[in-house]
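*Asks:* Protein chains in written order, with the working numbering: chain A, 1 to 256; chain B, 257 to 502.
In case anyone wonders, no lab produced these hints; they're calculated from the structure. It is possible that part of the hints are untrue.
Said to hold, decoys possible - Below, in silico cross-link-like pairs of lysine to aspartate or glutamate (EDC-like), each with a Cα-Cα straight-line distance of 16 Å or less:
{"no.": "1", "chain 1": "B", "residue 1": "Lys402", "chain 2": "B", "residue 2": "Asp363"}
{"no.": "2", "chain 1": "A", "residue 1": "Lys251", "chain 2": "B", "residue 2": "Asp335"}
{"no.": "3", "chain 1": "B", "residue 1": "Lys333", "chain 2": "A", "residue 2": "Glu255"}
{"no.": "4", "chain 1": "B", "residue 1": "Lys449", "chain 2": "B", "residue 2": "Asp422"}
{"no.": "5", "chain 1": "A", "residue 1": "Lys26", "chain 2": "B", "residue 2": "Glu358"}
{"no.": "6", "chain 1": "B", "residue 1": "Lys333", "chain 2": "A", "residue 2": "Glu254"}
{"no.": "7", "chain 1": "B", "residue 1": "Lys394", "chain 2": "B", "residue 2": "Glu378"}
{"no.": "8", "chain 1": "B", "residue 1": "Lys307", "chain 2": "B", "residue 2": "Glu265"}
{"no.": "9", "chain 1": "A", "residue 1": "Lys26", "chain 2": "B", "residue 2": "Asp397"}
{"no.": "10", "chain 1": "B", "residue 1": "Lys333", "chain 2": "A", "residue 2": "Glu249"}
{"no.": "11", "chain 1": "B", "residue 1": "Lys377", "chain 2": "B", "residue 2": "Asp363"}
{"no.": "12", "chain 1": "B", "residue 1": "Lys401", "chain 2": "B", "residue 2": "Glu358"}
{"no.": "13", "chain 1": "A", "residue 1": "Lys251", "chain 2": "B", "residue 2": "Glu294"}
As the list claims (entries may be wrong) - Computed footprint of chain A on chain B, listed as stretches where at least three residues anywhere in the stretch have a Cβ under 8 Å from a Cβ of chain A:
{"no.": "14", "stretch": "323–334"}
{"no.": "15", "stretch": "355–363"}
{"no.": "16", "stretch": "469–479"}
{"no.": "17", "stretch": "482–494"}
As the list claims (entries may be wrong) - So, partial list: chain A residues that the calculated Cβ filter (under 8 Å) puts toward chain B:
{"no.": "18", "residue": "Ser11"}
{"no.": "19", "residue": "Thr15"}
{"no.": "20", "residue": "Ile23"}
From the three backbone atoms N, C-alpha and C, an ideal C-beta is built for every residue, glycine too.
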Amino acid sequence: MIASHIWENRSLIRTFAINDLVIRYKGSLLGALWSFLEPILMLGILYLIFSHVFKSDIENYPLYLLLGIIMWNFFTRSTSMGLGSILARTGIVNQAYFPRDVLPISACVTACIMLGVEFVIFFGFVIGFQFVPSYTILILPALVALLFCMTLGMSFILSIAYVKFRDVQNVWAIVTYAGFFLSPVIYDISIFPDNISQILLLNPMAQFLDMAHGVALYGQLPSVFALAYTGIISIGVLIVGYIIFKHYEFKIVEEL
Amino acid sequence: MRNYSNHSENAVEVDSVSKRFHTKDRDSIFSRPGNNPEITILDNVSFSVKKGEMFGVIGRNGIGKTTLLRMIAGIYKPDSGQINTYGSMVPLLSLGTGFNPELSARDNVIFYGKILGFSHKEITGMLGEIIEFAELEKFKDTKLKKFSTGMAMRLAFATAIQINPDIILIDEILTVGDQLFQKKSYDTFMKFKEAKKTIVFVTHDLNSVNSLCDKAILLEGGKIASDGQPSKVVNDYLGMLDAEKT
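Please take these sequences and the hints and turn them into a complete structure.
*Replies:* Now the structure itself:
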């Protein structure tokens, strides 16, 4: 149902998403070049720091780190852009009716396009390191699709909540900040004793990162449990988020 | 609900519509909770606008005129009752506020057109005429932030007009632009009337209600206090204001 809705409104979603990207680099001399330059430099700095200053014995650590950062960036970007998606468009929302869910959806699509750019850079690094990934890397897009469902569901809820309670932005900033350290982005979950890693793996992002690292770098297929766990959470969050959004979408416009 | 069937001779039907708002929000957990009384903005309001009619809505500030237009536009939902509209509709509620300052006039028009439900192809096909009507040919690639308020409003108005909808909802904007543009807008309204388009028109300009509208209603205290011939409704309104002064 949500998929067909997205398809029906694809033109509007595309316009919102492209405008978001265009505006992001408007007024800069290098313009769209920044969409490549920024992640290259960011990832370059992280690579230098974590592969030379903080040495790790994780196999292919630079790629491990880059992949984790890219996936985590997508999570924080899509949810934080989704969070502000209604409020940032007050002018147009107050002026005409159009399907309101287009707003958080296009925010997540924008984040997805940026993820795509970062993946291109990631594969540049993969080639640079002369790393040959296993066939299991073909599962990565499916993991991203599942992650997209989860972040979209969260964005539905956050965008509505943020209009009513501005605290949501502060809370979410802290949650994602803590989440970065509680998820295996810069470390591997196996450094912890079993009981602690089990608790950390309750966090769906930890599962997503663990699976992404496995399929992209170590030729490991995700466990049935991990897939089922993240699948149920992602689809569940998406459905619940959409229901909440639909329930409040008209009431929230009156609060703008 | 938006229908595209042409069976009804009405363009807009407002049926027993009520709308309540909370008068204040709780600011933070540190502010005193207190009570949050609801006020009824519109109380069981019914009327219909025939196809091709120019329909005026008058009343004092804060009486619910804009809320009514927003409900007809589908932006707000009535708490009870029902609103039906028949045909394509363009709301002109706060002109130009939906534009993005960082995008060019051209990109903003395309964006606005898509918001109003038109395809990319349709809207790019109309682009030339829109820019021309707005008299902004020289500025079509200029970012909106360089536009004056009047220019931005002209662009929004031109977009809505050139899209050629069946129903236009207007909130107090006949004073858009300079005299020349006002004259042009006025002529366009007359053309719209001739083309049997429906216009719902909220304003404080009683003269234009008298001269332009076919019918009018006066809102007061959540109810329709007067309806029918614009001259009669305007007189009732003036009488009401006079009675209040003394």
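*Asks:* None of the hints should be skipped; say for each whether it holds.
*Replies:* Checked hints:
no.	hint	in the structure
1	B:Lys402 to B:Asp363	14 Å, holds
2	A:Lys251 to B:Asp335	10 Å, holds
3	B:Lys333 to A:Glu255	13 Å, holds
4	B:Lys449 to B:Asp422	11 Å, holds
5	A:Lys26 to B:Glu358	7 Å, holds
6	B:Lys333 to A:Glu254	9 Å, holds
7	B:Lys394 to B:Glu378	22 Å, violated
8	B:Lys307 to B:Glu265	6 Å, holds
9	A:Lys26 to B:Asp397	14 Å, holds
10	B:Lys333 to A:Glu249	10 Å, holds
11	B:Lys377 to B:Asp363	13 Å, holds
12	B:Lys401 to B:Glu358	6 Å, holds
13	A:Lys251 to B:Glu294	14 Å, holds
14	323–334	holds (count 6)
15	355–363	holds (count 5)
16	469–479	violated (count 0)
17	482–494	violated (count 0)
18	Ser11	6 Å, holds
19	Thr15	5 Å, holds
20	Ile23	5 Å, holds
The structure shown violates the earlier hints numbered 7, 16, 17.
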